[in-house]
Amino acid sequence: MDKQARSADPLRPADHVDGVAAATPVEGVTSPALGFVGWMRWGWRQLTSMRTALVLLLLLAIAAIPGSLVPQRTADPNGVVEYLRNYPELGGFLEKIGMFDVYSSPWFSAIYILLFVSLIGCVLPRTKHHWQALRSRPPRTPARLSRLADFRERDWVLGGAEGGGDAGTGTAGAEGDAVAAASRAIDLAQSQLRASGYRVERYDARGSFSVSAERGYLRETGNLVFHGALVGVLVAVGISGGFSYTGQRVVIEGTSFTNTLLDYSSFNPGRFVDTDNLPLYSLTLDEFEVEYEVENENAIGQAGSFVAHVSTQHPGEEPKKDSVRVNVPLSIDGNKIYLLGNGYAPTITVRDADGNVVFHDDVAFLPQDNNMTSLGIVKVPDGLATQIGLVGFFYPTAAELDSGALTSSFPALVSPRLTLDVYEGDLGIDDGVPRSVYALDTSDMTKLTGRTTDVASLQIDPGQTVDLPNGLGTVTFESQTPDAPNPLKSVKRFASLQVHHDDSATWVLVFALLSLAGLLTALFVPRRRMWVKATPDATGTGVHLEYAALARGDDPTLAAAVEAVERTHIESLGLEPREPRESKTP
Amino acid sequence: MPNALSLDDVSVLLIWTAVVLYALAFIAYALDLGARSAAAVDTKDAAARGATSRKRELVGAAAGAGTATGSVSIEFGDAVTPTTAAPPNRTAGTGRAGAGRAGSVEGGAKDGASTTKRFVMARIGTSLMVLAFVMHLAGTITRGIAAGRVPWSNMYEFAMTGTLMIVLVYLVVLIRYDLRFLGTLISGLAVVLLGGSAVTFYVQVVPLADPLRSVWLVIHVFVASLSTAFFALAFGLSVLQLMQSRRERLALLPDSKPLARGLRFLRTLPGADVLESLAYRFAIIGFAFWTFTLIAGSIWAQDAWGRYWGFDTKEVWTFVIWVLYAGYIHARATRGWRGNRSAWLSIIGFTAVLFNFTIVNMFFKGLHAYSGLT
Ligand code: HEM
Chain R
1 MDKQARSADP
11 LRPADHVDGV
21 AAATPVEGVT
31 SPALGFVGWM
41 RWGWRQLTSM
51 RTALVLLLLL
61 AIAAIPGSLV
71 PQRTADPNGV
81 VEYLRNYPEL
91 GGFLEKIGMF
101 DVYSSPWFSA
111 IYILLFVSLI
121 GCVLPRTKHH
131 WQALRSRPPR
141 TPARLSRLAD
151 FRERDWVLGG
161 AEGGGDAGTG
171 TAGAEGDAVA
181 AASRAIDLAQ
191 SQLRASGYRV
201 ERYDARGSFS
211 VSAERGYLRE
221 TGNLVFHGAL
231 VGVLVAVGIS
241 GGFSYTGQRV
251 VIEGTSFTNT
261 LLDYSSFNPG
271 RFVDTDNLPL
281 YSLTLDEFEV
291 EYEVENENAI
301 GQAGSFVAHV
311 STQHPGEEPK
321 KDSVRVNVPL
331 SIDGNKIYLL
341 GNGYAPTITV
351 RDADGNVVFH
361 DDVAFLPQDN
371 NMTSLGIVKV
381 PDGLATQIGL
391 VGFFYPTAAE
401 LDSGALTSSF
411 PALVSPRLTL
421 DVYEGDLGID
431 DGVPRSVYAL
441 DTSDMTKLTG
451 RTTDVASLQI
461 DPGQTVDLPN
471 GLGTVTFESQ
481 TPDAPNPLKS
491 VKRFASLQVH
501 HDDSATWVLV
511 FALLSLAGLL
521 TALFVPRRRM
531 WVKATPDATG
541 TGVHLEYAAL
551 ARGDDPTLAA
561 AVEAVERTHI
571 ESLGLEPREP
581 RESKTP
Chain U
1 MPNALSLDDV
11 SVLLIWTAVV
21 LYALAFIAYA
31 LDLGARSAAA
41 VDTKDAAARG
51 ATSRKRELVG
61 AAAGAGTATG
71 SVSIEFGDAV
81 TPTTAAPPNR
91 TAGTGRAGAG
101 RAGSVEGGAK
111 DGASTTKRFV
121 MARIGTSLMV
131 LAFVMHLAGT
141 ITRGIAAGRV
151 PWSNMYEFAM
161 TGTLMIVLVY
171 LVVLIRYDLR
181 FLGTLISGLA
191 VVLLGGSAVT
201 FYVQVVPLAD
211 PLRSVWLVIH
221 VFVASLSTAF
231 FALAFGLSVL
241 QLMQSRRERL
251 ALLPDSKPLA
261 RGLRFLRTLP
271 GADVLESLAY
281 RFAIIGFAFW
291 TFTLIAGSIW
301 AQDAWGRYWG
311 FDTKEVWTFV
321 IWVLYAGYIH
331 ARATRGWRGN
341 RSAWLSIIGF
351 TAVLFNFTIV
361 NMFFKGLHAY
371 SGLT
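First to last, the sequence lines map onto chains R and U.
For the record, in the first sequence the residue sitting at position 132 is 132 according to this note's numbering, with numbers rising by one throughout.
For the record, in the second sequence the residue sitting at position 370 is 370 according to this note's numbering, with numbers rising by one throughout.
Calculated directly from the structure, the hints in this document are not laboratory data.
Careful, some of the hints might be misleading.
The list that follows gives simulated cross-link-like pairs (lysine-lysine, DSS-like), each with its CA atoms no further than 27 Å apart [as the list claims (entries may be wrong)]:
{"id": "1", "chain 1": "U", "residue 1": "Lys314", "chain 2": "R", "residue 2": "Lys96"}
{"id": "2", "chain 1": "R", "residue 1": "Lys336", "chain 2": "U", "residue 2": "Lys314"}
{"id": "3", "chain 1": "R", "residue 1": "Lys336", "chain 2": "R", "residue 2": "Lys321"}
{"id": "4", "chain 1": "R", "residue 1": "Lys379", "chain 2": "R", "residue 2": "Lys489"}
{"id": "5", "chain 1": "R", "residue 1": "Lys379", "chain 2": "R", "residue 2": "Lys447"}
These numbers were taken from a predicted model, which means no experiment stands behind them.
With the hints as extra help, turn the sequences into a complete structure.
In structure tokens:
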């Protein structure tokens, strides 16, 4: 292949299968004094070689696996805590080597950063080269086309009704006729090839005419777009971390939350998020709706069709009705609000012995099983003779087990009941250490009711009030339908919402789709060269026609393509399409 | 409905019928391979010598044959081509006549009789396969109707639809390429996956969990099954490629010992290069679909869980598979890696796919915990 032909080829790393062996860098053995620049260059070539890319890809695949075997902090923080508790020694070791944060560990990062450095180092020179190739001419027609695997030929006998008929007569002009016919045939081939998307170039020499054609530059373009877009995905993901935030918040029916830092129960902002200036809106949970399966015997009680009916409001504007569903987040001010969970939030009032209210609130109880047996905590720090804590179980459809213990037999509110164990003592909340509202530290407290004491747990139905032990006061389980008792509506629900802001997601998607488009182009657009050559024979009575093609890369349709070019060409020359294998005898 | 068969019962019956038919197809295909071995017994294993010149003849022959229209079946040469892969359709013949001609060009490696004999079993196998497929399809559709949704929403149904896709792709590909030598693998896979899941994963129809009620369930999971099917074909071809390349290597040794009888059928199969380029072609189609699966999954995750990517188990494995196949594609383009090494990558890739397939089960349990909604 001559120099020009090569320059039209995509530039490949030296160890690409299509690479030119001579271009392989001379390695250390033969050149003892590489020098600093030499070594740098050598190292760079190694880093941007196909082999390195391949090894790094395989390493990446292997390195990603542990993250699926060991719980990850980002995906499953509780899993990590549990793992560390169950296997303290192994866990400690795994912790040290970053196994709980695989995807941000130094070793994982090293692999993908190297891979992307290699990628950029590979793609940049190729892009430059391809840019030039896009404007270069198709390569010279090889001297002996018959050497190519996909080669076809035939003889075109002039005279009679056939193509050369309009030329002059007589033997003297015969040679000239053949030359004219050959030239005309190549003109024709040239326009046909151009029409079918080839870039064409004439290479007429003494004694023969030929057209050289090339198509499929898009293949390399696609490859470069694919690899480039992968960089885009990575960059978009990287940047997104800095500007995105995620917050969580439990909202009980009838209550609201405002999109400010203070109003979240947990909030993870990226480095560049201005947490003082979050878009200001508020959201009220009007009603939470859920359906439970009652017909399909195999799925009794299965919950579905969750909807949080909400009102959103901007300062100084009218509230707007909207909803949050599973798979259908609510979009507002560039935030997306997702429904993560739900549960019951019984309204509980505690009064002291004189009947003064010392606690009144809706308390979110966290579901513990599919029938919504739920666990909740009430802390009453002030107003009573001592601090008390209540550990409660809520059963939406209370049923008694043989053992006498309660359970819930259906997730909806059929026969709701609340049981409470009372602790008194030090709640441990006065020392300023933040405590979870969902946990009660009983280390400094005494249990007054429930198992291990001789007083039964308090059992309360909606609307009922019972006495606390030791004359401390009373507890009321408020019904939401005090006037017309209706268990189905008697207890409030809550929705656990996640607010997420991530502008980069769109960019990630755009780059991902771009890379998919590039991939399809790179894999399925054939790149090939095609040559048609016409040689007038010495006697002037005929023209020898040759057709040949060469695939660049994998191209299963090459043979068919040559054949199609030949057929079109021959038919337009007015030649009979021939029977298979007529001119070529094995 | 105490006495009547429910739709789901009908589906189960159809699926079991399909399993039995697949098993029969497996037997027929296995007999076909046996017949191939027998046909190869008399053949001298000197294919490597003079292969290049013979390849030329094949090209010439095929060039002519290619013009004919109608259903094109492909007969592979026994030629060992030391150069780059020769795409198999260069040796395209036209139906049986073409096949016969290609055979004769090869210098009588297979006489007509053995060719026909071999075809009988393979044909029976394929017919059984088509029949099984129809039952399988009907079983899948009735399951879908019984459930009132797409029949790919739990482990049992994934296996059902996934296997259906594998068989479908195999049968469709058969129209263009004679890959019946893969029949044992495909029918075997169908028996194991479909039968196995009917035994172990069967669940009755239950309503979809909320997070699954999404158009992405339809698209994402379906395309994933489709790419699995292409990976499966690539896997089978890569396995054969490795066996074939070993045979070719041994055949080139001057004092090569005759191969075990069971492997003689390899002589009637295309050369390792041809197998490799076919495997590659299926793998890249699979890869393109898989890339889409990955993107669609992220879009779904963004809607369902509020983040497009979270490295949860299922996501990790989807990613690992994607990277493995990217590695495979690179390997094919890397000097020193084309050939056996890249074939191993294709095999490892498909192993990961199967692994992921079983992990899916755990994943969907995980999803319940994720959403916290049930
Ligand atoms: C994130 C890392 C990478 C991934 C996921 C990846 C993936 C792929 C895929 C899927 C293809 C096939 C599509 C096509 O032909 O365009 C491909 C081809 C290619 N890649 Fe990469 N690649 C990566 C990094 C690299 C690097 C670092 C290099 C440079 C050394 C490289 C060089 C190439 C070349 C030259 C081809 C064309 C192969 C051929 O001729 O068939 N890639 N890559």
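Comparing the hints with the structure gives:
1. A distance of roughly 25 Å separates the Cα atoms of Lys314/U and Lys96/R; the hinted pair therefore holds under the 27 Å criterion.
2. For the suggested pair Lys336/R and Lys314/U, the alpha carbons sit about 24 Å apart, so the restraint of at most 27 Å is met.
3. Of the supplied pair hints, the one linking Lys336/R and Lys321/R holds, its CA atoms being roughly 16 Å apart against a limit of 27 Å.
4. Taking the CA atoms of Lys379/R and Lys489/R, the gap is about 25 Å. The hint holds against a cut of 27 Å.
5. This hinted pair checks out: Lys379/R and Lys447/R have alpha carbons roughly 14 Å apart, not beyond 27 Å.
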